[in-house]
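Chemist: Residue-level listing of the chains:
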Amino acid sequence: MMRKVKLPKIQKWNKYFTAGLIMTVIALLLAVVGLFWTPYGTTDMSAAERFHAPSLMHPFGTDNFGRDILSRVMKGMGTTIFISTLVVAGSGGAGILIGALTGYFGGILDEAIMRVTDAINGFPSILLALVVISVMGGGRQNLIISLAIVFTPSFVRIVRSEFIRLRDADYIMRARLMGVGRARILFIHILPNIFSTFWVSVMIGFNNAILAESGMSYLGVGVKPPDASLGNMLSDAQGYLMTAPWYALAPGLAIVWVVLGFSLLSEGIRRNG
Amino acid sequence: MKKRLYVYLFMALLSLAALGGCTGGTGESSGDKSSVVVGIQQDIDSLDPHKATAAGTKEILFNIFEGLVKTDENGNLMKAVASDYTISEDGLVYTFTLRGNVKFHSGNEVTAEDVKYSLERASGLLDGTALISTLKTIQSVDIVDEHTVQVTVDSANTELIYSFTTAIIPAGSGEDAEGTPIGTGPFSFVSYKPQEGIVLAKNAQYWQEGLPYLEEVTFKIVNSPDTALLDLKGGSIDIYPYLTDSQANELKDSFQILAAPSNVVQALFLNNADETLKDVRVRQAICYAMDKAEANEFVTGGNSVPISSAMLPAMKDYYVDLNDTYGDTANIEKAKELLTEAGYPDGIELEITVPSNYEVHMQTAEVIAEQLKKAGINAAINPVEWNTWLEDCYNGRKYQSTICGITCDMTPGYLLNRFQTDSSKNFVNFANDEYDATYLKAQASLDLGEKAEHYKQLQQILCEDAGSAFIQVPPITIAMNKKLTGYKFYPIYVQDMSTVRWAE
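In the order they appear, the protein sequences are chains S and G.
Quick note: to get the working numbering, add 15 to the position in the first sequence (first position is 1).
Quick note: to get the working numbering, add 395 to the position in the second sequence (first position is 1).
These aren't lab readings, by the way, just hints derived from the structure by calculation.
It is possible that some hints are incorrect.
Stated by the list, open to error - Examples of chain G residues lying across from chain S (beta carbon under 10 Å, computed):
| hint | residue |
| --- | --- |
| 1 | D621 |
| 2 | A760 |
| 3 | T806 |
These figures come from a predicted structure and were not determined experimentally.
Virtual Cβ for every residue (Gly too), placed ideally from N, Cα, C.
Just need the whole structure built from these sequences, with the hints factored in.
Modeler: Spelled out as structure tokens, the structure:
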């Protein structure tokens, strides 16, 4: 029953992992650079440069206000990744805590919490997030909170099932006999053994968070203009799909790029695990 | 897990295919040639013609209801339910003669009793609350004979006749007006679904011979301008009246694009009761920091008319050009100077609430916010849903600033009326004693020249005291199916469907 913790080794990097890593690093690099520097100001408007097609001056073209789309994609990617990271951190953290407790101890608390997560899972996630936002009001902070709430159940389930699998393992029994404290068993003995499974779900969760954030901003309840996010850029670009297709393509491809990168990465990790 | 990967790849491909697959629609509608679908931007606030306040509601109700008189496309008054009227020399008694052959949608003929009821209900004689504030001046409504009604008012007002466009509804029907609106207009009410739209059917007994042409008109609520564009191209909407410049450009090959100056005054409305904005210097600073020429260029392709006070330039006799006060372009120096004087050397924070279903206002907000930043006014845009805007900003007055439009009816005083301190429509909380006094003087004057002078003075006060940061009168640009004809532009905010028809 007992499993050894395997660390990814260089020679075991497969093509998925490599491709995913390269894509993700490029995306993160763009986003991080975008925090400090962009080719043009992200909200600088220019009447003379409206709807310029991609060129050397503006690699991704310009939008309806003459703003440089590359700059806005960099900024938007940063915003989207930032929000997704916080969402995954929040929901993942909550997932570990709740999943560990319910999975290890079981009982009525487990029953109760699992029914609640079932209920949350019963709703489409975007719809539920919309409900939370309409109650609390829009904006970046509430978007993060609402998405974190919506994403928590999936982490709870994974962590819980792993804890149930491991709670009766021999080495845990022995640890218990030796009088090891509960907290130590939970977080020092069991937790490290579920990481490979957990990381995969984090990557998938991250992807879903990116798509959800884009979706919410697209619907106009996420990041507010004139701030850029990939979602609200797509939403703005929608009206100009025929006249300025590059406006929609840039944020759209950016989303595909990031999501694909993380998917490949998670696939790579899973195959290594 | 590999499956999931393929799914993502597949999705990516699909999205590309979808982009490539969209070719401009032809604007063809279904084969049915007796009905029309009009896209509207917002839900209806009330189907009761005396209670509806939103311009977006009144533009629809214009098809269902009529007053004793009604506005025609030139802005003149034509007789509707009344066939004639006379005003006594002192301006205190209005005598209306009813047409006699006008029928309600229910089939009953309009009687003097109905007129009396409608006017009493709207003016507040019935239960004390005036639903139409300009009619408050009515003292009594008397039935002279079956076809004649006499209205007595407490003070003469040359503009009052425009208020008799107030809808005539069947006597005693006030309670039901909300659910089953009955009027005398060219179309009768069929059904209304919140968030979806309203369906009207032809009034076969309409008193104007030959009108209307269409059997059925549907006003479909389209909350997002992008959806509207897709609906137009897909053919599920035949007429959409609120295009932005770039949308018009995109549609010009497959649709008729008609444009005319609107009657909308667009402004960055400032809540004068706000802690920061109650200082006139801050409000002026905002006016100076705006670059109207740029906003005009960005949002409406240079087709708007810049304004600096609440009057339409189209009302030539009453309009005074005040654009020099703050200038058409930004004066950042002056704005910063004023902010410093007001005690904000480091600038201020400003929240701009915008009803997000209005693309023109949203885009203007983005441009203005950017301009204000240069003067140290850190503007954040807060897009809200139309109903929220109506409730919180307009009725609740809980906002700091908002970009939206106020519409004007035919009376020149209409736009100025709302800036009186006590006006129920004064949602910017403008308070200026001189303004109030001048408004009363303007109301009282019977000489048109003198009245015009007072109105010009009012515009000046409003502009100099920076009651709000007025921006422009945007054009109204309409996309209409190429096979439709007969659309009429009005100087008021209405969608008259009675003359619209499919070309043979």
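Chemist: Please list, smallest to largest, the hint numbers that this structure does not respect.
Modeler: Number 3 only.
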